[in-house]
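> Sequence:
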Amino acid sequence: MSGKGEGTGAPSPEPVHGGPIIVTALFGARDGQWLDALRRQHYPPADNRVPAHLTLFQHLAPALADEIARRLAAEARGRPAPRAWIAGVMKFERGAALRIESPELEAIRARIADAFAPYLRPVDAAPWRPHVTVQNKVDRLAATALQKELAHAVQRRPVEIIGLATWVYRGGPWEPAGRHLFSRSGRRPYS
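Okay, so the sequence shown: first residue is 0 according to numbering that gives the first Met the number 0, each after it adds one.
Keep in mind that the hints were calculated from the coordinates and are not lab data.
Backbone N, C-alpha and C define an ideal beta-carbon position, used for all residues, glycine too.
There are no misleading hints in this set.
In the DSS-like style, the derived pairs of lysine-lysine whose C-alpha atoms are separated by at most 27 Å in a straight line are: (1) Lys136 / Lys147; (2) Lys90 / Lys136; (3) Lys147 / Lys90.
With beta-carbon atoms standing in for the labels, derived distance ranges: (4) Trp33 / Pro126: 23 to 33 Å; (5) Asp65 / Arg93: 29 to 39 Å; (6) Asp65 / Pro44: 28 to 38 Å; (7) Ala141 / Pro50: 20 to 30 Å.
With the hints as constraints, model all of the structure from the sequences given.
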């Protein structure tokens, strides 16, 4: 990643170690287990290398690791968890996902995106579509069948977000790099 940032004119940070950094939201235990069970049930086993997740950023440069950790800690420290909902099904050509709605989490992501704007790859600079993929890399018939099944079975409901996490991708399962938990006090009720 030497040279200029993708179309920004800003210098790209040089990688210092490891692979790209992925940033996700952390689910509460009950919701995380439910989402992961759905993913294990429907995702092709050979391709299912990571648990169910809500990705905020797919590919941040390793050279930014310290600054990413500082920013995530600042977003989470002493703050109540953002409210979030499962808000429907997102259809992919070869899979299905559950759409997540959370204006508060969207605001957190926007602040982080603004801070790293010169370094974002197109996938992370594009408008964010928060979702949890439960199926991918299947034929269209299987994808359509699950999309219909989920549309009937899944109703709008709260989903607990407890923190933000960073992971390192080195070609296989993601390696945990950091966790930044929101405050347990001051949690707001869902309405």
